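Visitor: What follows is the residue order along each chain.
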Amino acid sequence: MRAGRPEPHTLAGAYALDALAGADLARFERHLARCEHCAREISEFREVTARLATAAAAEPPPGLTGRALAAAARTRQLPPATRKDAARWPARHPARTRPAGSRSRAAGLLRRAWVPRLALAVAAAATAAAVLLGVAAGTAAHRIDEQQLRGHAIMAVLTAPDATMLSGRVTTGGTATIVMSRRQRVLVFAAAGLRPLPSSKCYELWLMGPGGDRAAGMLPDPRQGMTGPVIASDLKAGDHLGLAVEPAGGARQPGTTVILVIPL
Amino acid sequence: MGISDGHLWSPRCPACPDAPGIDLAVLLGQVARGDQDAFEAVCRQIAAPVFGAIRRMVRDRCQSEEVAQEVLIDVWRSASRFDAGRGSAMAWVMMIAHRRAVDRVRSEQRSAERELRAASAMIPYDDVAETVEASLDRERVRRCLGSLTELQRQAVTLAYYQGYTYRQVAGLLGVAAGTVNTRMRDGLIRLRDCLEVGR
Numbered sequence: 001m002r003a004g005r006p007e008p009h010t011l012a013g014a015y016a017l018d019a020l021a022g023a024d025l026a027r028f029e030r031h032l033a034r035c036e037h038c039a040r041e042i043s044e045f046r047e048v049t050a051r052l053a054t055a056a057a058a059e060p061p062p063g064l065t066g067r068a069l070a071a072a073a074r075t076r077q078l079p080p081a082t083r084k085d086a087a088r089w090p091a092r093h094p095a096r097t098r099p100a101g102s103r104s105r106a107a108g109l110l111r112r113a114w115v116p117r118l119a120l121a122v123a124a125a126a127t128a129a130a131v132l133l134g135v136a137a138g139t140a141a142h143r144i145d146e147q148q149l150r151g152h153a154i155m156a157v158l159t160a161p162d163a164t165m166l167s168g169r170v171t172t173g174g175t176a177t178i179v180m181s182r183r184q185r186v187l188v189f190a191a192a193g194l195r196p197l198p199s200s201k202c203y204e205l206w207l208m209g210p211g212g213d214r215a216a217g218m219l220p221d222p223r224q225g226m227t228g229p230v231i232a233s234d235l236k237a238g239d240h241l242g243l244a245v246e247p248a249g250g251a252r253q254p255g256t257t258v259i260l261v262i263p264l
Numbered sequence: 001m002g003i004s005d006g007h008l009w010s011p012r013c014p015a016c017p018d019a020p021g022i023d024l025a026v027l028l029g030q031v032a033r034g035d036q037d038a039f040e041a042v043c044r045q046i047a048a049p050v051f052g053a054i055r056r057m058v059r060d061r062c063q064s065e066e067v068a069q070e071v072l073i074d075v076w077r078s079a080s081r082f083d084a085g086r087g088s089a090m091a092w093v094m095m096i097a098h099r100r101a102v103d104r105v106r107s108e109q110r111s112a113e114r115e116l117r118a119a120s121a122m123i124p125y126d127d128v129a130e131t132v133e134a135s136l137d138r139e140r141v142r143r144c145l146g147s148l149t150e151l152q153r154q155a156v157t158l159a160y161y162q163g164y165t166y167r168q169v170a171g172l173l174g175v176a177a178g179t180v181n182t183r184m185r186d187g188l189i190r191l192r193d194c195l196e197v198g199r
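In the order they appear, the protein sequences are chains H and G. Residue 1 is where the first sequence starts when you use my numbering, and the numbers rise one by one after that. Residue 1 is where the second sequence starts when you use my numbering, and the numbers rise one by one after that.
Hint data in this document are derived by calculation from the structure and do not stem from the laboratory. Heads up, some of the hints might be wrong.
Here chain H is said to cover these stretches of chain G; the calculated rule only asks that three of the stretch's residues, wherever they fall, bring their Cβ under 8 Å from a Cβ of chain H [stated by the list, open to error]:
{"hint": "1", "region": "60-72"}
{"hint": "2", "region": "76-88"}
No more than 25 Å apart at the CA atoms, straight line, and that leaves these computed lysine to aspartate or glutamate pairs for DMTMM-like [claimed, not checked]:
{"hint": "3", "chain 1": "H", "residue 1": "Lys-201", "chain 2": "G", "residue 2": "Asp-60"}
{"hint": "4", "chain 1": "H", "residue 1": "Lys-236", "chain 2": "H", "residue 2": "Asp-213"}
{"hint": "5", "chain 1": "H", "residue 1": "Lys-201", "chain 2": "H", "residue 2": "Glu-29"}
{"hint": "6", "chain 1": "H", "residue 1": "Lys-201", "chain 2": "G", "residue 2": "Glu-150"}
{"hint": "7", "chain 1": "H", "residue 1": "Lys-236", "chain 2": "H", "residue 2": "Asp-162"}
{"hint": "8", "chain 1": "H", "residue 1": "Lys-201", "chain 2": "G", "residue 2": "Asp-74"}
{"hint": "9", "chain 1": "H", "residue 1": "Lys-201", "chain 2": "H", "residue 2": "Asp-221"}
{"hint": "10", "chain 1": "H", "residue 1": "Lys-201", "chain 2": "H", "residue 2": "Asp-213"}
No experiment lies behind these values; they were computed from the predicted model shown. Glycine included, each C-beta is placed from N, C-alpha and C at the ideal position.
Same shape as in the complex, but just chain G:
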């Protein structure tokens, strides 16, 4: 199975000193049986990465909290669908969180309100979160992102952290859509090897 060691996934943030704790995959199994204490322990482990990732995409504080809460409830509702044979627990949680955030960002893109947010998201453009404290894990991600080509990095980060589709990324960068999707895949392959998350 994939990486599911709690400690490898610990966000190591000062706000969550007790984050590592019991293996997340084990806890999800208990949550699937309706164990509310296990759900509380899961929330303690995932709240910071879930909220941080959503905040980074959605930007707006109130709406980020709203989406983060939806994600935690999704985890409760669908814990029985987590299959440890198909990937780590944190990858499963973050997939749910990212899709929720993407849904929110794309529905905002349909409204004029998105304009200003897009502008404010572009200005302090930086590969990895700005204000949060440095950590070993974060440094490693930053270093690995730095090892990509410019186009690979832009393609991956515009899609993942800003919620753009690959066709939008292509328009944004003035590059053919086919080039963008191969750069996304090449970039993820390089990140996978750099972060050593191969199975």
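Here chain H stands alone, though its shape is the one from the complex:
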């Protein structure tokens, strides 16, 4: 056995905790397909993890069920599994696709005058986290180096040769800044001073263009007055970026309260 490649069977726990990724996951799933004992053990572990989940139950937001019912009414259901599918239960659902930004690449030299400002904001967040982590858990501080490297998707946009910065005023208060790479068809969005919303509402980004409007993600809660960065990918010619106040949980179409529009 090669170092770093654990005996597949010992990975049953990590698998049931969804703690395997990439090659580890693929290798274990191949093993699982012919290991009855593993399948039995994992199904017991799933009962355990379900208890961990239900122990965290919290009052759901009002309207969650209502929105799910409305969406279900227009969502086609899958046919029953074939024998082959059933043998793979619990099958993994296809990974959710998100606006994930461009491929990571080594961040080059910062090319433009405004880049240091944004880069500084990203770095400041990382530093703050490092300090907090250091205080909260001394053993965890070293991992920040690893996590800093994960800002690459954002750095790749900030340092793209064709990166352009645009900004706009949000009609309800605050300013939004975007950095966009047309060639990579990606933008990074950040905002400052957005008005806090009641718990029934959320900020949602939209890409609005001739080919139709696409939801581009919910904005996270602000931290120290700053919101983002959020990456939106798959930009198309003629798109506008819109920011709207939507019911918590998102909307199908941008609502009537679009509070920022930036032509891209």
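Chain G: place on chain H using the hints.
Guide: Chain G only, in chain H's frame:
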């Protein structure tokens, strides 16, 4: 078959007094045939645990709601794939919910935004949800988690409640990856016996 008694899985939260109701596995069978009333009853039973578990991992309110809604739609779409012979209905639902939350957390981990969230998730570190009301079920889970060794508990909770891979957990704790995966498995075996969810 595994545990599928509705009452054993009731989240017993004040927000969902009618949660136990009809057996979840039976309802899923009706949902698989396109029964929207059954789906509404399913949502009443699973909304609180699904949302709570996602909120605990994803942290952010708006994004938690977005993921929770995706999970409910997944349950509607794939109800025909639930097989009661292979485990309880709640275990199946929570598997879907946890994977969705993990996908979201891992994609966030790729961005700098994750930094602050990781920090805020570490500070009020506690084995089981902080703000929700105490319940018998929750107390039992807490007690059983308390019966694990320190490393077993950290390995299980960092993976399950924070969405880290076992290799990340190993890096985080400064322990060999092989040690982490055996502790995860040992920890789950101990929890299984303590919670009496053996089949």
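Visitor: Sort out whether G:Asp-74 lies within 25 Å of H:Lys-201, counting only the CA atoms.
Guide: 23 Å, holds
Visitor: Need the status of pair H:Lys-201, H:Asp-221: alpha-carbon distance at most 25 Å?
Guide: It holds: about 11 Å lies between the C-alpha atoms, which stays within 25 Å.
Visitor: Regarding the pair H:Lys-236 and H:Asp-213, is the alpha-carbon distance no greater than 25 Å?
Guide: Distance of about 11 Å is within 25 Å: holds.
Visitor: How does the coverage statement for the region 60-72 of chain G fare against chain H, requiring three or more residues with Cβ below 8 Å from a Cβ of that chain?
Guide: This one holds; 10 residues, not fewer than the three required, reach chain H with a Cβ under 8 Å.
Visitor: Is the listed coverage of the region 76-88 of chain G by chain H valid when you require three or more residues with a beta carbon under 8 Å from a beta carbon of that chain?
Guide: holds (count 10)
Visitor: Quick one, are H:Lys-201 and H:Asp-213 close enough, alpha carbons at most 25 Å?
Guide: Given pair H:Lys-201, H:Asp-213 holds - Cα atoms ~20 Å apart, limit 25 Å.
Visitor: So if I understand the rule, the pair passes when the alpha-carbon distance is 25 Å or less; does H:Lys-201 with G:Asp-60 pass?
Guide: Holds, at roughly 13 Å.
Visitor: Please verify whether H:Lys-201 and H:Glu-29 have alpha carbons no more than 25 Å apart.
Guide: 41 Å, violated
Visitor: Does H:Asp-162 lie within 25 Å of H:Lys-236 when you go C-alpha to C-alpha?
Guide: Holds, because 16 Å separates the two Cα atoms, which is no more than 25 Å.
Visitor: Verify the proposed pairing of H:Lys-201 with G:Glu-150, using a straight-line Cα cut of 25 Å.
Guide: Violated, at about 40 Å.
Checked against the numbered hints listed earlier, the structure breaks hints 5, 6; every other hint is satisfied.
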